[in-house]
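Engineer: If you want the building blocks of each chain, they are given just below.
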Amino acid sequence: MFRRLSFALLSVCLIAGLLCGCTDNTAKPSPGGSAEPAGSISPSPELKEYDLGGLAMDICGTNAFSDILDTVSAEVAAGLYGIEPGDVEESRLMCSTGATAEEIGLFKCTDEEAAARVEAKANDRIKLQKKAYESYAPEEIPKLDDAVITKKGAYVFYVVSTDSSKIKKVIK
Amino acid sequence: MTPLKNKKSFRSLIFFALIAVAGLLLALCLPTSDADPADPSASDILQSPEPDLPPSPQDSYTGPDVPELEPVDDEFFSDAAFMGNSLVDGFKLFSGLAVCDYYTATSMTVLGATSNSCITLDDGTSGTMVDGLTQKPYGKIYILLGINEIGGDVDTFGQMYADMLDTIIAAQPECDIYVMGLTPVSYEKSSSSDTFNMERIALYNEKLRSIAAEKRCYYLDLISALSGEDGYLPASETTDGVHFTAGTYAKWLDYLRTHYIEPET
Numbered sequence: 001m002f003r004r005l006s007f008a009l010l011s012v013c014l015i016a017g018l019l020c021g022c023t024d025n026t027a028k029p030s031p032g033g034s035a036e037p038a039g040s041i042s043p044s045p046e047l048k049e050y051d052l053g054g055l056a057m058d059i060c061g062t063n064a065f066s067d068i069l070d071t072v073s074a075e076v077a078a079g080l081y082g083i084e085p086g087d088v089e090e091s092r093l094m095c096s097t098g099a100t101a102e103e104i105g106l107f108k109c110t111d112e113e114a115a116a117r118v119e120a121k122a123n124d125r126i127k128l129q130k131k132a133y134e135s136y137a138p139e140e141i142p143k144l145d146d147a148v149i150t151k152k153g154a155y156v157f158y159v160v161s162t163d164s165s166k167i168k169k170v171i172k
Numbered sequence: 173m174t175p176l177k178n179k180k181s182f183r184s185l186i187f188f189a190l191i192a193v194a195g196l197l198l199a200l201c202l203p204t205s206d207a208d209p210a211d212p213s214a215s216d217i218l219q220s221p222e223p224d225l226p227p228s229p230q231d232s233y234t235g236p237d238v239p240e241l242e243p244v245d246d247e248f249f250s251d252a253a254f255m256g257n258s259l260v261d262g263f264k265l266f267s268g269l270a271v272c273d274y275y276t277a278t279s280m281t282v283l284g285a286t287s288n289s290c291i292t293l294d295d296g297t298s299g300t301m302v303d304g305l306t307q308k309p310y311g312k313i314y315i316l317l318g319i320n321e322i323g324g325d326v327d328t329f330g331q332m333y334a335d336m337l338d339t340i341i342a343a344q345p346e347c348d349i350y351v352m353g354l355t356p357v358s359y360e361k362s363s364s365s366d367t368f369n370m371e372r373i374a375l376y377n378e379k380l381r382s383i384a385a386e387k388r389c390y391y392l393d394l395i396s397a398l399s400g401e402d403g404y405l406p407a408s409e410t411t412d413g414v415h416f417t418a419g420t421y422a423k424w425l426d427y428l429r430t431h432y433i434e435p436e437t
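Protein sequences, first through last, are from chains A and B. Reading the first sequence from the start, the letters are residues 1 to 172 in the numbering used here. Reading the second sequence from the start, the letters are residues 173 to 437 in the numbering used here.
These are calculated hints, taken from the structure and not from any lab test. It cannot be assumed that every hint is accurate.
What the hints assert, rightly or not - Below, in silico cross-link-like pairs of lysine-lysine (DSSO-like), each with a Cα-Cα straight-line distance of 27 Å or less:
1) Lys48(A) / Lys172(A)
2) Lys131(A) / Lys168(A)
3) Lys361(B) / Lys130(A)
4) Lys172(A) / Lys152(A)
5) Lys168(A) / Lys121(A)
6) Lys361(B) / Lys131(A)
Note that the structure is predicted; figures quoted are calculated from it, not measured.
Let the hints inform the model, and build the full structure from the sequences given.
Structural biologist: In structure tokens form, the structure reads like this:
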């Protein structure tokens, strides 16, 4: 009797332990528009996937722009930045009317090495834009000085806005 | 008739025949180079007809204004180059026309286009925008410059622009060159600026059109292409009164598709 009771109690404990070991791995979108695949361990920042379209919308939603920004084709984007076609899988580029230097450039590169090259091109663009606007519209220089240029794994983000702190809250 | 009379008659006949033949030969052998150029009838008879030569491109020039024709597709612009300031930069970004070459930069002026080595040429060296336009043959060249110089003297601007065209024409003798007139500004901008207003724009466009005519180039009236019914750039299409939103560039391209010189076949 005692043996049967012990065996039953042990079984209940084992089953209860197994049930408590399960966790909820349902994917939840991050504020930056990225999605963690269900069942996976939370990825490090370098392996994070970004939804560039969603991220572009989130950045526009910060209201950190004084100009109207419109979407530019991927082909034009690559030419504008001088990016090698094989370095970028996907991009979102939104340029201003030209009245300001405001811009959103989001790039998903083929790998981290390509991302390093694209990041260098983004820094080159800042230099060119500063040269172009220093006499044309010098009030744009502070925006360029405060530009967000960041590489996260295989992603490169380039944003020139009126308030970089708002942009940095979105790009995590 | 006696034999003596027969002989005389025969000699006379021979004599007159010889004179007739000599006269005929003399008429045929008259040199044509000595024909009196003032005598058209003689030159018409004696000169061989000149071969039909194809007319040179400039022979078909009928003035700077460009007719409205049936719209062309992107292929028409595959041998084209565009040069200009930030507005042409915007055209490159937003018009959707990607088959042609662009030589553009923010704040570009006529002086900058001819003296500022700011682009990389096909051979890898640095060059000016005009160097870019003259480095290879183009069928059409579109130029928009002037809004950044509109505060200056229009005649000085005109002379520099004409000199720039001379350089381009010398390197591209078979090319159709389109001088694009300055674009409209908004009513708010025009009424608040001593420089960027429609009166100054009209003055510069008049100069550009006359230069186009003088240099046997073509003039494109972008005021009619882009302004609203009131003659100004619509306020909804600009943030600073001068630069355009994306949709305006599509209108600009539509205008170019319907205003062109038909290539000679």
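Engineer: Does Lys168(A) lie within 27 Å of Lys131(A) when you go C-alpha to C-alpha?
Structural biologist: Measuring from Cα to Cα gives roughly 25 Å; hence the hint holds.
Engineer: Within a Cα-Cα threshold of 27 Å, do Lys361(B) and Lys130(A) meet the stated pairing?
Structural biologist: Distance ~25 Å between Lys361(B) and Lys130(A) Cα, so the pair holds.
Engineer: Would the hint linking Lys172(A) and Lys152(A) be met if the CA-CA limit is 27 Å?
Structural biologist: Holds, at roughly 9 Å.
Engineer: Given the hinted pair Lys48(A) and Lys172(A), is their alpha-carbon gap at most 27 Å?
Structural biologist: 10 Å, holds
Engineer: Compare the distance between the alpha carbons of Lys168(A) and Lys121(A) with 27 Å, and conclude whether the hinted pair is satisfied.
Structural biologist: The given pair, whose Cα atoms are some 20 Å apart, holds under the 27 Å limit.
Engineer: Holds or violated: Lys361(B) and Lys131(A), Cα atoms, limit 27 Å.
Structural biologist: 26 Å, holds
Every hint, counting from the list given before, is met by this structure.
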